[in-house]
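*Asks:* Protein chains in written order, with our numbering: chain A, 24 to 268; chain B, 24 to 268; chain C, 219 to 739; chain D, 219 to 739.
Each hint can be trusted.
Simulated pairs of lysine-lysine, BS3-like, Cα-Cα distance not exceeding 25 angstroms:
id, chain 1, residue 1, chain 2, residue 2
1, D, K369, D, K544
2, C, K707, B, K164
3, B, K112, B, K149
4, A, K75, A, K51
5, A, K63, B, K63
6, B, K51, A, K155
7, B, K155, C, K707
8, A, K155, A, K119
9, A, K149, D, K707
10, D, K707, A, K164
11, D, K656, C, K221
12, C, K656, D, K656
13, A, K155, D, K707
14, C, K707, C, K245
15, C, K656, D, K221
16, D, K585, D, K369
17, A, K75, A, K48
It is worth saying that the hints were derived from the structure and are not from the lab.
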Amino acid sequence: MSIVRPYGDTTGDGMVQLSFTLPIKHSKVAEGAAAQLANKMGMDPALVVHAKPMGDGFTFFVVYGRVNHLVDTDQVEVVERDYPLLTPKEANAAIKRSLRRRMVVVGGCIGTDAHTVGIDAILNIKGFAGEKGLEYYREVKVVNLGAQVSVPQLVDAAITEKADAVLVSQVVTQRDAHLLNTREMSAAFRESYPAAKRPLLVVGGPRFDETMADELGVDRVFSRGTTPGEVASYLVHRLTTRKAS
Amino acid sequence: MSIVRPYGDTTGDGMVQLSFTLPIKHSKVAEGAAAQLANKMGMDPALVVHAKPMGDGFTFFVVYGRVNHLVDTDQVEVVERDYPLLTPKEANAAIKRSLRRRMVVVGGCIGTDAHTVGIDAILNIKGFAGEKGLEYYREVKVVNLGAQVSVPQLVDAAITEKADAVLVSQVVTQRDAHLLNTREMSAAFRESYPAAKRPLLVVGGPRFDETMADELGVDRVFSRGTTPGEVASYLVHRLTTRKAS
Amino acid sequence: MGKLTLDAADVRRARTLARQVGRPIVKTAQRHTTVSVERATLRLAGLSGADAEGTPWVNRLSDVVRADVGLEHGVSAPVWDALLRGEAEDLVTLAQKASAGSVTFRLPEGRDLTRARTAARKAVGKGITQIDRRRVERERMIAKVGDAPRKPWIYLIVATGDIYEDIPQAQAAAREGADVIAVIRSTGQSLLDFVPEGATREGFAGTYATQENFRLMRAALDETSRELGRYVRLTNYASGLCMPEIAALAGLERLDMMLNDSMYGILFRDINPIRTFVDQRFSRQVHARAGIIINTGEDNYLTTADAVEAAHTVTTSQLLNEYFAKEAGLEDWQLGLGHAFEIDPAVPDSFRLELAHALLARQLFPKAPLKWMPPTRHMTGDVFRGYLLDGFFNLVGALTDQGILLVGMMTEAVVTPWISDRDLALQNVRYVMDSAGKLHEDFHPAPGGFINLRAREVLGESIGLLEDIKAHDNGLLDAIADGTFGLMKRPADKGRGLEGVARKAADYYNPATEILEGDPA
Amino acid sequence: MGKLTLDAADVRRARTLARQVGRPIVKTAQRHTTVSVERATLRLAGLSGADAEGTPWVNRLSDVVRADVGLEHGVSAPVWDALLRGEAEDLVTLAQKASAGSVTFRLPEGRDLTRARTAARKAVGKGITQIDRRRVERERMIAKVGDAPRKPWIYLIVATGDIYEDIPQAQAAAREGADVIAVIRSTGQSLLDFVPEGATREGFAGTYATQENFRLMRAALDETSRELGRYVRLTNYASGLCMPEIAALAGLERLDMMLNDSMYGILFRDINPIRTFVDQRFSRQVHARAGIIINTGEDNYLTTADAVEAAHTVTTSQLLNEYFAKEAGLEDWQLGLGHAFEIDPAVPDSFRLELAHALLARQLFPKAPLKWMPPTRHMTGDVFRGYLLDGFFNLVGALTDQGILLVGMMTEAVVTPWISDRDLALQNVRYVMDSAGKLHEDFHPAPGGFINLRAREVLGESIGLLEDIKAHDNGLLDAIADGTFGLMKRPADKGRGLEGVARKAADYYNPATEILEGDPA
Ligand code: B12
Ligand code: B12
Ligand SMILES: Cc1ncc(COP(=O)(O)O)c(C=O)c1O
Ligand SMILES: Cc1ncc(COP(=O)(O)O)c(C=O)c1O
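Isolated chain A, as found in the complex (with noise of 0.2 angstroms):
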C-alpha cells in the first residue's frame, strides 16, 4: 500500500487533530484566523473546536478535520541501515580481524551541551535498551570526554587518542544549536586532517534528521531511540570495510 491517508476510524477519512497559539486577541476573527491556518495546511473542513485566551494578545487553538494530502509511502526517504547488524562478538572478530588492533572511539558533547546521558548511553558499559554500550567491547577503546567538550579539545583528543570514530551528542536545539555545532565541529575536522585520514565523525541526539549527513558534513546522524548494537555495527562496517578497500 504506498498512498495512504490520516485514519480517524474509517479508512480514507483524513481526520488529524492540530494546536496552536496565534498572537491576537480572542475574537471571532481570531478563530477564522485559526481555521484560515488549517485551510492553508490542508485542513477542510477545520473545525475550531477550542479557543483559549490567553493574557491579552494571545488565543490558543485546537483544530480538528480532514486532511485532503495523500501519503505516498513509496517516496519516503530514510536512511535504512545499510550494514548487517553484528554481536558484540561478531564485531570483536571483524575488528581484530581486519583492524589488527583495537578500535578507537572518542566521543563528547560538544558546545555547552551538558546532556550526557545519550551519549553514555551508547559508550558506557551499562548500555541502553538491554544492549551493552561500546565499552563492553573488548576491542573498542572508549574514550569518553563527556560533557561541554569544547571543538578544539575535541580535535586535539581526536589526534593524540589516533582515533578511528569521533562520536558527538548533541541534545540542545533551541536555535539550531545542534546544527550549528555540528558544522562548526565537522570542520574543524576538515581543516585539522588530510581527507583521507579523518576520523569517522558520527552525530546523535535525539531531534537530528537523519538525512542531514551529508549537509552537515558528517558520515552518519543517529537520532532518537538508537542502541549501541547498531552504533557499533555500523563502525565496524565503515572502518572495516574502508580499510579492506
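Model the placement of chains B, C and D with the ligands on the given structure of chain A, informed by the hints.
*Replies:* This is chains B, C and D with the ligands only, laid out in the frame that chain A set:
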C-alpha cells in the same frame, strides 16, 4: 496587525503541534511518511516526536514543527453580528411596536438527534451563560417540540402555530448528519410555504460553520457558545425590519 | 469494605421505600403486554428475517394477528393455532402468508387452545434452551480461555456506524486491553418500532443493533478472546421501543452485558411509561435467564441536570433499578448500576465530591459491579484538559472499587472516538491503575469529614425524594408525570409506543413469560 | 502533620551524621578563598561594568591583583590600598588602569593595612546595606500589594534566550497564576568564569544571568505584581563558577529565590569540589542576608540515576544541604530543598512510591518550603501522556504539602516551553488544586503499609550512605572522589575552576565575610 504566524515561544517562529494516525505498521518508513504529511501541510522542519504502534496496522504520531503559511486576518470571513444586542426589555418593546402581537418561535431537534440541551439553552427560561432563554421574553411565544422531531412534524407545527421563526438544533455531525438534515428541512419549508411567507429559518449546534447559511438554505447559522440574547436580538432585528420594509 | 459511616437504618429505609414505590409498577407491568413483548416471543420461537422493504416478519405477523384478534390475548395462541390448522408449515411462511392477506387468525378455544399453547410453549422453549446453551457456552469459554484479569473491567466503545469498520476497531481495542466492547447504536434506533435486519453499514454515530451484527461481532470477539487468552465481553442496548426483542436477540447471540434502564426510555426518549415498564420487566427476565449483566442509565440524568444538585436522583434511580431488576430475577452480580463523574470541574472540591458519590454507590450496593461513567458534559474541545479529567475519573474508579469502567475519551466534545483516542485512553487507565490502583489502602475519609457528610446528605435527599414519590396519588407514575425526574413531564397516557400497549385479557398467554417466571435457570 | 511513622532516633541519627560529614567541609571552606568570592566582594563594593570585549571589570581588576600579590590575602586590602594611595579616584578607574598595566598592587602593612581594610569595609558595607534595603523593600512590597494567595507557590519557567521575549512571557505567566518566575540560564553559563554584562538576547535554551537582565525582569514583575495585587517572585541560578557573584547580584537586584546547591557544580559540571564548597558557603551567607530562599538541586540526581534505587541519595543530599545552609546562616523558611517526581511510570505502584518519597522529605524538614520538581526523564513526545503525568505529579504535591511547585510541561521532551504549554500546565495545576487540594484530609498511609515501609527504607538507606561517607578517610571529599554520588568520580584536586582557589594566608581579609559573619541581619 493583519499578517500573523503561529507563536511557540518567539515572535514569528511559526510553531504548531499536530497528531494523527496512519494506517500503516510502525517502521522508519512510517515515521518518514508522517514527516511527509507534515511537510505537505507546510511544516518544515517537522519533528516526529512520538510514534506509537497501535495493533498491527496503525501508528499514532505526534509532530512538532514550524509551519510556513502566513495568516492574513484581513482575509478572514466571519459572520459578524450585524444587528444590535437588545436586552429582553428592549426586545419586547420592539416586538410590541412593530409586530403588534407576540412573536411565535417554534423549535426542536430534527432527525434522530436527541441532544436537546443546546436548543433548551436558547429556548427555556433557564437559559445559558447567565442569560434567560426566549421563554422569558413576554412578547415571545415559544413552542419547543423537543427531541427527534421529523421534518414533516416540524413544518406542520410551524404552520399550525403561525411561526415567525423556526429554530432547529443539530448536534450529531458524524457523516454530516447535521448538514443533510438541515438541507432536508429548508427544502421542506421552501415547498410548503410561498417564499414571502416562509418563517425565518435558524439552525444551531456546536459544529456548524456560521458562514454556511446560504448553502444550507437557511437565514442564519449559530454555533458553539451562542447565547439566547444573541438569538433574540437577531430575531427581533430580522422580523421587525422585515415588517418595516 | 465500608469506607463510609452510613446509618444502617437509613439504608434499610431507602430500600423499603424503593420497594413500596416499585411494587405497584410491577403489578401494572404484569397486567399488560406490548407489541414488542409479543414479537420477542415470536423471535424466541425462531422467527427472524424481514420482507423486501426490511420490515421484520415478527412485525408483519404480529400486526396481522393484532388486526384479527387483538393483542390482549397474546399472539402465541392464535399463531400456533394457525400453524396447527395447517395454514403454513412454519412461522416464516405463516408470516409471509399473513402479510399477503391469505391467513386469518382466530382465538382458539378448548382443545385447540390447549394444543396451540403446548405447541407455542414447545417452540418458544427451544429459543430459551438456546439462550441457556449460550450461557453455558459463555461459562465454558471463560473457563477455557480465561476471564478479564482484574477489576474494573475496561469498557470501550466503538461507534463507526459500519459493522465492518467496527469489527477491526473492536478487535484492536480488545488487544490493547478492553475487557468489554460496546457497539454504540445509530441515533434514532430507540424510536424504531422494529429491529432492523442483517449486517449494516449506514448508522449515524453508531451502528444498528441487529441480530446479524450481534453475531458478527460476537464471532470476531470470540476469535480475539482466544487469541488473547481472556474472554472479551460484548455489550449493546436493550432499550427503546424494541427492548424485549433486543434482549431476546442478545440472549440468542451470547451478548454479555446490555444497557437496560427502568426509566431511561420514558425520560429521555419520551416513550410511554407503561410501555417501558412492561418491556423492561420482560427484557430483564430474559437477561436474568441469559446470565447477562445489565447496565443501568443513571449517568444520563447528569448530562442534563447538575451533578451536585441531582446526585440524589442517581441514588434514587439506582434503588429503583435494583428493585425492578431483582423482581425480574436478576442477581446482584448482574446489576451494573450506573453512575458518572459529571460534576463541573470548576466546582471547588469537585474531586472529593465525586469520591463521596462513588463511595455511596459502592456501599449501598456492595455486591453489584457498578458501572462508572466518564466525564462527558464538561469535556470541551481542549483535549489536553480532557485527558487529565479522564485520568482523575480513572483515579476515582480505582479508589472506589468500580466493577466496570467506561473509558473516557479526550475527544468527547469533538467526535465519536478515533482509534488513537481509544489507544490514548487505555494508556491513561493503565497508568492510573498500575501506579495508583492500590491507593485505596491509604484512603480513609474521616467519619465526620467532608466526604462522609456529603454521602450522608445525598442518601438523605434520596430518601426524601422516594418519600415524595410515594406520597403521590399514583406513586411513581404520577411522579414521572409531574416532572419529578429531570424536570421532564411524562404522563402515563402519553408518549411514544403507547399504541403498542394492551391490557391483558383473562386468557392472555405467553409461553416465554411462563417459562421465564416458572422455571428459573 | 506527620503522616509517616518514622523513628525519631533515626531522624536524629541522620542529622548527626550530616553534621559530622559536613563539618570538615565547612572548615576547609573557611580556609580557602576563590576568584569568584573576591570578585563578588568587589561587586558588593559597587564595581560593575565590563571592558570593550565584555570582560567584567571585577575580573580585570582581580586578575591584576592576583598577578601582583596573589589571591591568598584577599583582593580587598591591595585594592583599597591602591585607592588610598591615589592610584585612581574610584574602583572602575582603578580597574581600567590596572588592565592597562599602569597600576601595581602591593600588600599594605601596618597603618596602611588598617586604613585599607577600613575603607574596604566601608565600601563593601554599602553594598550590603543595599542588600538590606532590598530585603526591606521586598517585605514592604509584599505587605502592600499582597503575597501569593496559597501554597504551594506556583513556579514557572521562561527560557526563550532573549530577555525581551522573556519579559512578556513572564508577565503573561504571572497573570495566569505563577507565583514564582524562573528565568532559565543559557547553556554553558555555569562554566563561564565571569558574569556577562548588560541586557542579552542570544542565549541558547535560556537567557544569560546578568545584573541588567535581573533588573529588567524584576522591574517588569514589580509592575505585574502591582497590577495583580500579589508579589510575584523572581528566581535565577547562583550556581557554576560565578556562584558568589551571582548571589551578590541577586541580593542587589532583589531576586527572591536562587537555585543553589552544595554539590551540583561538582557532580554535574565537573567544577572543582573545593571551589564549589567555598563559593557555596559565601553565596549562602549572601542569600541569608538578602532574605532569599535557596532551591537545592536534588532533582538532578534522578535525571541520571534511577529514582527508586537512588531515592536515598536525594535524602542524603537534602540533609547535607540543610546542614551547610544553616551553617551559612539560612533559616528554615529559606530552605527550598529539592526533590522530584521521576520514577519510571511503568514501575508498579509508582504513584505510591512518589508519595512515600515526598512525604519523607516533608516530614524530615517540616518547616522547609520544599521544592517539588515535575517529571522530566520519563516524559516523551506523547504530550497527552505527559499532561496526565504532570497532573499526578501535581496531586502528589497537593497531598504532601509542598511549598514550591515547579510546574511540569507536557512538551518536556520536545521543546523549551511554549506560551501555550505554560497556560495548559497552569490549568492542570489549578484543576488538581481546586478539585483535590484537600484530599490530604482523607489520606492516611497505614502505619505498617506500603508507603510507611518505603519511607523508612529510604531513610535507612540514607543513614547507611552517610555512615559510608563518614567512614572514608577524608570523609565527604573522598566519597565524592570515588564516585559515591551518581557514579561520578570527582577528586578534590581536579575539576574546573581549581586554578581559581587559594588557601588563605594568615592575613587574609574579606570585609564581606566579616560583615556577613559578624553582624547577622
Ligand atoms: C536529563 C535531562 C537533563 C539533565 C542532564 C543530565 C546529564 N548528565 O545528561 C540536566 C538536569 C543536567 C539537564 C539540564 C538542562 N537541560 Co535537559 N533534559 C533532560 C531530559 C529530561 C532527558 C534527556 C535524556 O537524558 N534522555 C535520555 C537519552 C538516553 O536519550 P537521548 O539523549 O535522546 O539519546 C539517545 C539518542 O538520541 C541517541 N544519541 C544521543 N546522543 C548520541 C550521540 C551519538 C554519537 C549517537 C550515535 C547516538 C546518540 O542515542 C541515545 C540512546 O538512544 C530532557 C527532556 C526529555 N525528557 O527528553 C531535557 C532536555 C533535553 N533539557 C533541555 C534543556 C533546555 C536543559 C537546560 C539547557 C536548561 C537550562 N537552561 O538550564 C539544562 C542545562 C544543560 C546543558 N548545559 O546542556 C531541553 C532541550 C530543549 C531543546 N530541544 O533545545 C529538554 C528537551 C527539556 C525541555 N523541554 O526544555 N537536562
Ligand atoms: C449531553 C450529551 C448527551 C445526552 C443528551 C441529553 C439531552 N437531552 O440533550 C445523552 C446522554 C442522551 C446523549 C446521547 C447520545 N449522544 Co451525546 N453528548 C452529550 C454531550 C456530553 C454534551 C452536549 C451538550 O449538552 N452540550 C451543551 C450545550 C449547551 O451545547 P450545544 O449543544 O453546543 O449548544 C450550544 C450551541 O451549539 C448553540 N446551539 C445548539 N443548538 C442550537 C439551535 C439554535 C437554533 C441556536 C440558535 C443555537 C443552538 O447554542 C447552545 C448554547 O450555546 C456531548 C459531548 C460534549 N461534551 O459536547 C455528547 C455528543 C454530542 N453526543 C454524541 C453522540 C454520538 C451521542 C449518541 C448518538 C451516542 C449513541 N449512539 O448512543 C447518543 C444518542 C443521542 C441521539 N439520538 O442524538 C457525540 C456526537 C458526535 C458527533 N459530532 O457526531 C458527542 C459529541 C459525544 C461524542 N464525542 O461521541 N448525549
Ligand atoms: C439505558 C440506555 N439506553 C439507551 C441509550 C442510548 O441512546 P438511544 O436511546 O438513542 O439508543 C443510553 C445512553 O447511554 C442508555 O443509557
Ligand atoms: C543547582 C542548579 N544549578 C544550576 C542548574 C542549571 O544548569 P547550568 O549549570 O547549566 O546552569 C541546575 C539545574 O536545574 C541546578 O539544579
